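Visitor: Place chain R on chain Z using the hints.
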Amino acid sequence: MSSTTLATFESSLEGVGVELVSTTAERFETALEPHLDAPAVGSPLPFEGVSLPDTVDTDPTVEALEAAKTGVTAAGYGIADYGSVVIQGGPDGEEPVSLYADEHVAVVAASDVLPGMGAAFDRLAADIRDGTGQAIIATGPSATADMGALVKGAHGPIDVTVVALEDR
Amino acid sequence: MSVDDRQQKAEHIRHLLETEGDSVHENTQVFNDGRYESTAALDDYERLKDEARAIKEDAIERLPELVEQVTETVEANGGTVYLADDAEDANRYIAEVVDGRSVVKSKSMTSEEIEVNEALEASGADVWETDLAEFVLQLADEAPSHIVAPAIHKSREEIAALFETVYDPADPPETAEELTRFARRVLGEKIADADVGMTGANFITADTGTLALVTSEGNARKTVQATDTHVAVAGVEKVVPTVEDLQPFVELIGRSGTGQDITSYVSLFTPPGDSPTLGDAGELGSGDDREFHLVLVDNGRMAMRDDDELRETLYCIRCSACANACANFQHVGGHAFGGETYTGGIATGWEAGVNGTEGAAEFNDLCTGCSRCVDQCPVKIDIPWINTVVRDRLNRGESGSFDFLVEGLTPDAEPGGLDLQKRLFGNFDALARLGSAFAPLSNWVAQTDTARSLLEQTLGIDRRRDLPSFERESLVAWFADRGSTVAPAAADRHVALYPDAYTNYVRTDRGKAAVRVLESLGVHVEVPAAGESGRAPLSQGMVATARDNAEAVYEALAPAVAADRDVVVIEPSDLAMFHREYDRLLSADAAAALRENSYELMEYVYGLVENGADRDALANGAGERVAYHSHCQQRTLDLEPYTVAVLEDRGFDVVTSDVECCGMAGSFGYKTEYYDLSVDVGESLTDQFSTAETEDRTVVASGTSCLEQLDALLTRRPTHPIRLLDDR
Numbered sequence: 001m002s003s004t005t006l007a008t009f010e011s012s013l014e015g016v017g018v019e020l021v022s023t024t025a026e027r028f029e030t031a032l033e034p035h036l037d038a039p040a041v042g043s044p045l046p047f048e049g050v051s052l053p054d055t056v057d058t059d060p061t062v063e064a065l066e067a068a069k070t071g072v073t074a075a076g077y078g079i080a081d082y083g084s085v086v087i088q089g090g091p092d093g094e095e096p097v098s099l100y101a102d103e104h105v106a107v108v109a110a111s112d113v114l115p116g117m118g119a120a121f122d123r124l125a126a127d128i129r130d131g132t133g134q135a136i137i138a139t140g141p142s143a144t145a146d147m148g149a150l151v152k153g154a155h156g157p158i159d160v161t162v163v164a165l166e167d168r
Numbered sequence: 001m002s003v004d005d006r007q008q009k010a011e012h013i014r015h016l017l018e019t020e021g022d023s024v025h026e027n028t029q030v031f032n033d034g035r036y037e038s039t040a041a042l043d044d045y046e047r048l049k050d051e052a053r054a055i056k057e058d059a060i061e062r063l064p065e066l067v068e069q070v071t072e073t074v075e076a077n078g079g080t081v082y083l084a085d086d087a088e089d090a091n092r093y094i095a096e097v098v099d100g101r102s103v104v105k106s107k108s109m110t111s112e113e114i115e116v117n118e119a120l121e122a123s124g125a126d127v128w129e130t131d132l133a134e135f136v137l138q139l140a141d142e143a144p145s146h147i148v149a150p151a152i153h154k155s156r157e158e159i160a161a162l163f164e165t166v167y168d169p170a171d172p173p174e175t176a177e178e179l180t181r182f183a184r185r186v187l188g189e190k191i192a193d194a195d196v197g198m199t200g201a202n203f204i205t206a207d208t209g210t211l212a213l214v215t216s217e218g219n220a221r222k223t224v225q226a227t228d229t230h231v232a233v234a235g236v237e238k239v240v241p242t243v244e245d246l247q248p249f250v251e252l253i254g255r256s257g258t259g260q261d262i263t264s265y266v267s268l269f270t271p272p273g274d275s276p277t278l279g280d281a282g283e284l285g286s287g288d289d290r291e292f293h294l295v296l297v298d299n300g301r302m303a304m305r306d307d308d309e310l311r312e313t314l315y316c317i318r319c320s321a322c323a324n325a326c327a328n329f330q331h332v333g334g335h336a337f338g339g340e341t342y343t344g345g346i347a348t349g350w351e352a353g354v355n356g357t358e359g360a361a362e363f364n365d366l367c368t369g370c371s372r373c374v375d376q377c378p379v380k381i382d383i384p385w386i387n388t389v390v391r392d393r394l395n396r397g398e399s400g401s402f403d404f405l406v407e408g409l410t411p412d413a414e415p416g417g418l419d420l421q422k423r424l425f426g427n428f429d430a431l432a433r434l435g436s437a438f439a440p441l442s443n444w445v446a447q448t449d450t451a452r453s454l455l456e457q458t459l460g461i462d463r464r465r466d467l468p469s470f471e472r473e474s475l476v477a478w479f480a481d482r483g484s485t486v487a488p489a490a491a492d493r494h495v496a497l498y499p500d501a502y503t504n505y506v507r508t509d510r511g512k513a514a515v516r517v518l519e520s521l522g523v524h525v526e527v528p529a530a531g532e533s534g535r536a537p538l539s540q541g542m543v544a545t546a547r548d549n550a551e552a553v554y555e556a557l558a559p560a561v562a563a564d565r566d567v568v569v570i571e572p573s574d575l576a577m578f579h580r581e582y583d584r585l586l587s588a589d590a591a592a593a594l595r596e597n598s599y600e601l602m603e604y605v606y607g608l609v610e611n612g613a614d615r616d617a618l619a620n621g622a623g624e625r626v627a628y629h630s631h632c633q634q635r636t637l638d639l640e641p642y643t644v645a646v647l648e649d650r651g652f653d654v655v656t657s658d659v660e661c662c663g664m665a666g667s668f669g670y671k672t673e674y675y676d677l678s679v680d681v682g683e684s685l686t687d688q689f690s691t692a693e694t695e696d697r698t699v700v701a702s703g704t705s706c707l708e709q710l711d712a713l714l715t716r717r718p719t720h721p722i723r724l725l726d727d728r
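From first to last, the protein sequence lines stand for chains Z and R. Numbering of the first sequence is given in the numbering used here, commencing with residue 1 and proceeding in unit increments. Numbering of the second sequence is given in the numbering used here, commencing with residue 1 and proceeding in unit increments.
Only chain Z is shown next, with the shape it has when bound in the complex (with noise of 0.2 Å):
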């Protein structure tokens, strides 16, 4: 990942009105700290030395999950010229972490964020492949024009940030 892809990630991002926070694994916290309203929800994070403070809880219940103010999930991928993040959901619950809460906080390495679709492509096919059931291409948050004007915010979140880890 190139400062110029993590500059055109941070311009997209921002395109589709979501907030990225650059810090490092040993900030991590301080850094996520301002984006967790609570009640807050997460999945394990599957970066070396980052881990979720203790006020999130990463095993909720449905009425947790949807009291949520904000969800913490790790991203696989980030997609720098569309300001994508892709969620890869499995058993530890990325999927409704991701979708319950008003706000998601996606968790990116900063080496996962790619260029353009084609890089990305390449890495979902491999990952597909290699047994990962689901991959959200997720821009932005979840919108609607179906009620007679934009509303951010649907069946999904409110507000997306995206936190990436410049050193991992």
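Hints may be right or wrong, so weigh each one.
[To be verified] Straight line, CA to CA, 30 Å or less: simulated DSS-like cross-link-like pairs of lysine-lysine: (1) R:Lys-190 / Z:Lys-69; (2) Z:Lys-152 / Z:Lys-69; (3) Z:Lys-152 / R:Lys-190.
Quick caveat, the hints were computed from the structure, so don't treat them as lab data. In this text the structure is predicted, and so the values were computed from the model without any measurement.
Guide: Same frame as chain Z, now just chain R:
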């Protein structure tokens, strides 16, 4: 069509224009503008379209093999595949799987096509649409009016009233945001209680068994995640070979549809998925035992694959670009321009394919062949051609008695039962020849109340339209009499000016202006007696007659082409025949010869001036303010800029319209049943020419139809751009 049928149709369209037209127009305009903007920002737009087209061509070619492959893959993944012959077969299987349990659905046009909701409800299951637009339609018990935004015809106020009637909430939601939150809450409960999640699929990959779902609301994700049984319903044509093949479609579909670079969620599910379900006891349940059923629906598709003319329909990715780019659709929406399920230009292919040719009979005429959708389709389907072919089949399918009067006037190649109105317009050349021969008497007679009433009653020609007034002396006769003023030996270029039927018999002035302008630029001009291009019969679905005309035109122009003369065409719809449709009507060599040697008049003038012809021989605009409406087919051929460039070069101050079509579209606006729609579409154009900035400008248009429409709807008399350059 009988007088009553025409009246009923006119009434239906008027009703929709009043009740749904505003919402549809407002929303499709946003999608249409968005598509232009978003695709313009894509560097490799054309390459991606070529790639997408090639993938679909290959996939449909190898469909049986791919269906077999995807069946093996999905079964190896732990799912089940059911290949349903038709709607009934699909519904029977799905009802067995559902077995009376509660179902939540995300949006799927294929499930609309098979009417699975009705079948499931009849089997005792509870079914809820979770897409907000589909939810609105479910509550209102209405059909989709757009393939991507199915409730596009409903205003916010109507939705608010609907929610209030159905749910009678203490604090009725009013704003779009309140309505969304309200629907989310209601549907959230349905999702939590459901046992079965049903989705469609935009694409299915044969190599991995992956479903791609293109959505924005998040309901498809929840539908799959919350439940422990996933049923995906999709047409067989959705199968593509590999995961990598998804890339061009992912980049094109949102841009082509709603004008978004990408929709919020492109979900790649390779089911059965293992995300935790919403369990019964308030805990998240294990997703390990999720069942998955892929129902691949044939329902006429394999027969479409064998049909050389309808096959292209199967490439359709249902993005809605053809609907959003269509002037008629923008004004009246899918409840007029659509069949039982599908809406917009490509609906003719789908409805004819899944419901039989008659399935497209009601709305097929709403495609005027303006061709604005052609360059917008991400898989490059020739949608006007599909509409033409189905119209031809409908013409031939109708049984009726010979009408000796019209039969005698119109020695065409069409069946006896052909609708008289279509036959009349399809043989415009014969009519114009007669009208000219008997002018001015024919014009006086045609204008009488008796004649207008008769024309309306028997042929459905609306009496509110002025009829063309035929000239006694045709352009060809005028030129034969006058001769060329530039000697062949003294000329740099030699032109055969094509005398289209309108220019030849009705608007001879623009033909004469064209001759004078070309000669002033040092060109030797001849005007060969070539007949009508075939555009008129083609627009009525009279393909055989169009082919006869095309062959005759080719014969008439071939000597000029062989002698290295340039063929110059005044009427854009005829040039579009030479450049697009002749590929389907003539031999490849003949079509190529005409295409490569023919030019639109103003494009040609531009070329002459750019290559050193004396521009000062043309009239000087001296700052004259002009409002220019290019022609739909001319814009599809990217020829609008030449007229603007030439006029500006000559000192005219030019603004252009940006509507897709004038709404007249040849014969369309004359027809009683479509008069109101034609005027409604035309008013979008005249509104642009009635602003403070444009209201006093000289109105200029390239197409005959556009000129007629502008003449009817504006008080200023419009003119062809060549007449501004004619320094006589």
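Visitor: What are the numbers of the hints that this structure violates, sorted from low to high?
Guide: none
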